[in-house]
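There are 2 protein chains.
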Amino acid sequence: MTQFLSAIGERPLLKKIEGICRPRPATLERLKRKHRANPLVPLGDDAYVVNMATPSRLVFTTDTLIQGTHFRPEDQRRFLPESEMWKCLGSKAMAVNLSDLAAMGRVEPLFALVTIGFGGDISVDTVDNLYKGMMEYCRYFDFIIAGGDIIRSDLSIVSICIVGKLMSTRPVMRKGAVPGDVLMASGPIGLSSAGMEILERQGKSLETYEKTLLRAHLLPVPRLKEGGILAGEDIMATSMLDASDDLATSLEILGGESRVGFDVDLSRVPVHPALSSYAAAAGRSPWHWIIFGGEDYELLFTVKPSRAPRVLGRLPRAYVLGTVKPPAFGIRFRDGSRPVRLKDRRFRHF
Amino acid sequence: MTQFLSAIGERPLLKKIEGICRPRPATLERLKRKHRANPLVPLGDDAYVVNMATPSRLVFTTDTLIQGTHFRPEDQRRFLPESEMWKCLGSKAMAVNLSDLAAMGRVEPLFALVTIGFGGDISVDTVDNLYKGMMEYCRYFDFIIAGGDIIRSDLSIVSICIVGKLMSTRPVMRKGAVPGDVLMASGPIGLSSAGMEILERQGKSLETYEKTLLRAHLLPVPRLKEGGILAGEDIMATSMLDASDDLATSLEILGGESRVGFDVDLSRVPVHPALSSYAAAAGRSPWHWIIFGGEDYELLFTVKPSRAPRVLGRLPRAYVLGTVKPPAFGIRFRDGSRPVRLKDRRFRHF
Chain A
1 MTQFLSAIGE RPLLKKIEGI CRPRPATLER LKRKHRANPL VPLGDDAYVV NMATPSRLVF
61 TTDTLIQGTH FRPEDQRRFL PESEMWKCLG SKAMAVNLSD LAAMGRVEPL FALVTIGFGG
121 DISVDTVDNL YKGMMEYCRY FDFIIAGGDI IRSDLSIVSI CIVGKLMSTR PVMRKGAVPG
181 DVLMASGPIG LSSAGMEILE RQGKSLETYE KTLLRAHLLP VPRLKEGGIL AGEDIMATSM
241 LDASDDLATS LEILGGESRV GFDVDLSRVP VHPALSSYAA AAGRSPWHWI IFGGEDYELL
301 FTVKPSRAPR VLGRLPRAYV LGTVKPPAFG IRFRDGSRPV RLKDRRFRHF
Chain B
1 MTQFLSAIGE RPLLKKIEGI CRPRPATLER LKRKHRANPL VPLGDDAYVV NMATPSRLVF
61 TTDTLIQGTH FRPEDQRRFL PESEMWKCLG SKAMAVNLSD LAAMGRVEPL FALVTIGFGG
121 DISVDTVDNL YKGMMEYCRY FDFIIAGGDI IRSDLSIVSI CIVGKLMSTR PVMRKGAVPG
181 DVLMASGPIG LSSAGMEILE RQGKSLETYE KTLLRAHLLP VPRLKEGGIL AGEDIMATSM
241 LDASDDLATS LEILGGESRV GFDVDLSRVP VHPALSSYAA AAGRSPWHWI IFGGEDYELL
301 FTVKPSRAPR VLGRLPRAYV LGTVKPPAFG IRFRDGSRPV RLKDRRFRHF
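Which chain is which? The protein sequence lines are A and B, in order.
Its first residue numbered 1, the first sequence is counted upward by one per residue in my numbering.
Its first residue numbered 1, the second sequence is counted upward by one per residue in my numbering.
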């Protein structure tokens, strides 16, 4: 029988969550040994207290997914079993945070604080599945959920704050690109926003390529490994950000922070086969999703030209998409030698 | 002319917020000198990176206020000018987080990550005022807003994650109370929930005592100074939590974590004059709000009997409300020698 939050009450729910999140002794032992991070007050008190036994460079970020803006259960339910849907959401909430860590260089996640908000008409299983989805990333990247908050909320919400330890020599910032650098991305983009369109349309049956796009939207992969490689001494990316917004906005941000322009050659940007098929079936150009899509969580970065081949060698999915120009150049897109004029159709936050 | 978020867009809004939050060089200098915490990547990148140059015991907590559950602009507008209302909300969002730090002992806040969510129909001034309210606590307790997230959300929301540094010898946890200890509180409670009732009723005019109750609800004071004193070597509270839930729930939690019972003597609990007047005018007993109210953000703690006089000497608002008993005793309330039977009317989260 389905048990609802309104029946179980807050304290038993908290105990349940603590049960799911409680790290194994071996995990704590590793946290202590590897990072000299020894929890003094574990999950479940007013706050989490950790003893960082050595000097540390810590990385903090926070990201939130809220019903209506970032996910619509009513859409997802058409394609996913209920339990899978909430697991995916938990994993994605964690992934978007890990992606921010990745964009700073070689960072190892240490712990996360998780806030969830639900109404009383949500089942206990839903909360269970959400945390199980988050815990998958905890196990994969070897970190813990160290605390958080539960609120009653008319919209479902998952907000995570994650703390990592910087392991590279220096953080890679958004500023740092200089004219002459090469502009690159860690993988193909545009898939996630096409996947979101599929979610929103009616009908349940899916082509194989549509499944790929849907997966890209529901379960983005945080590029932590790639961020670490790009921050390494042999590549030393000069600037980097996670292209979660969309390509056009991301370039505006990178250009603004580094005070540079970009010459982007779309003919060098790979179109993922799934996106290709989707665009062909829809009779539209794939560039719309690639440029104005967003939520792909690939890394967008700049490197010295001499380092670009090394990037391509170490990250097989990476590609060059342009060069860094002086600020007066602005941001220009071209298709080989043909200039491309963009109509601004990007997602607006407000 | 009112400017709305839908007109300004995300990037200009972010720049505006960064302007409000940007710490003065002197503040950063102090952060660096006092805490050996040197921001390597400031506000505005994918993540905030800080170099903690010495071993540190860090305290992490997070708390969220969401429209509908924690505040109702439509109620507050009847009593407060629009700008004041959002400033108060910013301050309160920060206060409830600082209160969690206070409950761990002597903790100095270092920095906060702030997530806000608004719809497009919110004015830029609203966001401005919200951050101004938060910054008041930043200035008062000498810490910075180091980053965060902006989301589009159909309900207004403020979620804060705050990081502090533990300065006392050890953190004070919820477990640690033993039979024979004295149960104390840092100040009178019940005011906030009475204030919330006033907010929800119709009418605008207020008695002086009602203004006091309203203020207690809208602008709770985090007891950081008190938490520091209680964790000191000369008092060494054996257990502590922030009584944000309500007295009945807080005692359940403290009792559960410490595996003890409590003998609470209501005749020793002070009724604040404002609450007294309010209860008299309503023809009701003040105990309802005191026991089942919540959101007062006083500290509830236990100490060895020999230390209690010292607490009363150093914290003039503190009082004894009972003694710690073996777990089999349970949690019992009495009024002097008369047992009091409680009907459970507490706030339920779901």
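Hints listed in this document are in silico derivations from the structure and should not be mistaken for laboratory results.
Be aware that one or more of the hints could be misleading.
As the list claims (entries may be wrong) - Here are the simulated lysine to aspartate or glutamate pairs, DMTMM-like style, with alpha carbons at most 25 Å apart:
id	chain 1	residue 1	chain 2	residue 2
1	B	Lys34	B	Glu10
2	B	Lys175	A	Asp75
3	A	Lys175	B	Asp75
4	A	Lys165	B	Asp149
5	B	Lys15	B	Glu29
6	B	Lys16	A	Glu257
7	A	Lys175	B	Glu252
8	B	Lys15	A	Glu252
9	B	Lys32	A	Glu252
10	B	Lys16	A	Glu29
11	B	Lys165	A	Glu84
12	B	Lys211	B	Asp75
13	B	Lys225	A	Glu18
14	B	Lys225	B	Glu207
15	A	Lys15	A	Glu82
16	B	Lys34	B	Glu136
17	A	Lys165	B	Asp263
18	A	Lys165	B	Glu108
19	A	Lys16	B	Asp149
20	B	Lys132	B	Asp75
21	A	Lys225	B	Asp149
22	B	Lys165	A	Asp149
23	A	Lys16	B	Glu257
24	B	Lys175	A	Glu252
25	A	Lys211	A	Glu108
26	B	Lys165	A	Glu108
27	A	Lys304	A	Glu257
28	A	Lys15	B	Glu257
29	A	Lys211	A	Asp75
30	B	Lys15	A	Asp75
31	A	Lys16	A	Glu82
32	A	Lys175	B	Glu10
33	A	Lys15	B	Glu200
34	B	Lys175	A	Glu82
35	B	Lys175	A	Glu18
36	A	Lys175	B	Glu18
37	A	Lys32	B	Glu108
Said to hold, decoys possible - Okay, the calculated beta carbon distance ranges per label pair:
id	chain 1	residue 1	chain 2	residue 2	range
38	B	Glu197	A	Thr2	28 to 36 Å
39	B	Pro327	A	Glu84	35 to 43 Å
40	A	Ser205	B	Pro327	32 to 40 Å
Positions of the beta carbon are idealized from the N, C-alpha and C atoms, including for glycine.
Cross-check of the supplied hints:
The straight-line distance between the Cα atoms of Lys34 of chain B and Glu10 of chain B is roughly 35 Å, outside the 25 Å bound, and the hint therefore fails. Taken as a hint, the Lys175 of chain B and Asp75 of chain A pair is broken in the structure, with Cα atoms around 44 Å apart against an allowance of 25 Å. Taking the CA atoms of Lys175 of chain A and Asp75 of chain B, the gap is near 44 Å; set against the 25 Å cutoff, the hint is violated. For the hint pairing Lys165 of chain A with Asp149 of chain B, the CA-to-CA distance comes to about 20 Å; that is within 25 Å, so the pair holds.
The suggested pairing of Lys15 of chain B with Glu29 of chain B holds, with an alpha-carbon distance near 23 Å, which does not exceed 25 Å. At most 25 Å may separate the alpha-carbon atoms for a hinted pair to count; Lys16 of chain B and Glu257 of chain A meet this at roughly 15 Å. A hinted pair counts as satisfied when its Cα atoms are at most 25 Å apart, and Lys175 of chain A with Glu252 of chain B does not qualify at roughly 51 Å. Distance hint between Lys15 of chain B and Glu252 of chain A is fulfilled; the C-alpha atoms sit about 13 Å from each other, no more than 25 Å.
A distance of roughly 32 Å separates the Cα atoms of Lys32 of chain B and Glu252 of chain A; the hinted pair therefore is violated under the 25 Å criterion. Straight-line distance between C-alpha atoms of Lys16 of chain B and Glu29 of chain A comes to about 44 Å, which puts the hinted pair past the 25 Å bound. A hinted pair counts as satisfied when its Cα atoms are at most 25 Å apart, and Lys165 of chain B with Glu84 of chain A does not qualify at roughly 39 Å. Simply put, Lys211 of chain B and Asp75 of chain B have alpha-carbon atoms about 15 Å apart, close enough for the 25 Å limit, and the pair holds.
The straight-line distance between the Cα atoms of Lys225 of chain B and Glu18 of chain A is roughly 30 Å, outside the 25 Å bound, and the hint therefore fails. Between Lys225 of chain B and Glu207 of chain B, the direct Cα distance comes to roughly 31 Å. Violation of the 25 Å bound is thereby established for this hinted pair. Restraint check: the Cα-Cα separation between Lys15 of chain A and Glu82 of chain A comes to about 23 Å, which is no more than 25 Å; the hinted pair holds. For the suggested pair Lys34 of chain B and Glu136 of chain B, the alpha carbons sit about 20 Å apart, so the restraint of at most 25 Å is met.
For the proposed pair Lys165 of chain A and Asp263 of chain B, the alpha carbon gap of about 46 Å is over 25 Å, so the pair is violated. Restraint check for Lys165 of chain A and Glu108 of chain B: satisfied, since their Cα atoms lie roughly 21 Å apart, inside the 25 Å limit. With a CA separation close to 29 Å, the supplied pair Lys16 of chain A and Asp149 of chain B exceeds the 25 Å bound. For the suggested pair Lys132 of chain B and Asp75 of chain B, the alpha carbons sit about 21 Å apart, so the restraint of at most 25 Å is met.
With a C-alpha separation of about 24 Å, the suggested pairing of Lys225 of chain A with Asp149 of chain B holds against the 25 Å cut-off. For the hint linking Lys165 of chain B to Asp149 of chain A, the alpha-carbon distance of about 20 Å falls within 25 Å, and the restraint holds. Annotation: proposed proximity of Lys16 of chain A to Glu257 of chain B holds, straight-line Cα distance about 15 Å (limit 25 Å). Distance restraint check for Lys175 of chain B and Glu252 of chain A: the Cα-Cα separation of roughly 51 Å exceeds the 25 Å cut-off, and the hinted pair is therefore not satisfied.
Distance hint between Lys211 of chain A and Glu108 of chain A is unfulfilled; the C-alpha atoms sit about 31 Å from each other, more than 25 Å. Distance check on the hinted pair: Lys165 of chain B and Glu108 of chain A sit about 21 Å apart at the alpha-carbon level, within 25 Å; holds. A distance of roughly 18 Å separates the Cα atoms of Lys304 of chain A and Glu257 of chain A; the hinted pair therefore holds under the 25 Å criterion. Among the hinted pairs, Lys15 of chain A with Glu257 of chain B is consistent with the structure: their alpha-carbon atoms are about 11 Å apart, no more than 25 Å.
At roughly 15 Å between alpha-carbon atoms, Lys211 of chain A and Asp75 of chain A fall within 25 Å of each other, so this suggested pair holds. Of the pairs offered as hints, the one joining Lys15 of chain B and Asp75 of chain A is violated, with about 34 Å between alpha carbons and a cut-off of 25 Å exceeded. In summary, the hint linking Lys16 of chain A to Glu82 of chain A is supported, as the alpha carbons are separated by about 19 Å, within the 25 Å threshold. In summary, the hint linking Lys175 of chain A to Glu10 of chain B is supported, as the alpha carbons are separated by about 19 Å, within the 25 Å threshold.
In summary, the hint linking Lys15 of chain A to Glu200 of chain B is not supported, as the alpha carbons are separated by about 32 Å, beyond the 25 Å threshold. Restraint check for Lys175 of chain B and Glu82 of chain A: the C-alpha separation of about 38 Å exceeds 25 Å, so the hint is violated. In summary, the hint linking Lys175 of chain B to Glu18 of chain A is supported, as the alpha carbons are separated by about 16 Å, within the 25 Å threshold. Using a Cα cut-off of 25 Å, the hinted pair Lys175 of chain A and Glu18 of chain B holds, with the two alpha carbons roughly 16 Å apart.
The suggested pairing of Lys32 of chain A with Glu108 of chain B holds, with an alpha-carbon distance near 24 Å, which does not exceed 25 Å. Here the CB-CB span from Glu197 of chain B to Thr2 of chain A is close to 34 Å, well matched to the stated 28 to 36 Å. In this structure, Pro327 of chain B and Glu84 of chain A meet the distance hint of 35 to 43 Å, their C-beta atoms being roughly 42 Å apart. Between Ser205 of chain A and Pro327 of chain B, the C-beta spacing of about 59 Å breaks the proposed range 32 to 40 Å.
The structure is inconsistent with the numbered hints 1, 2, 3, 7, 9, 10, 11, 13, 14, 17, 19, 24, 25, 30, 33, 34, 40, although it conforms to all the rest.
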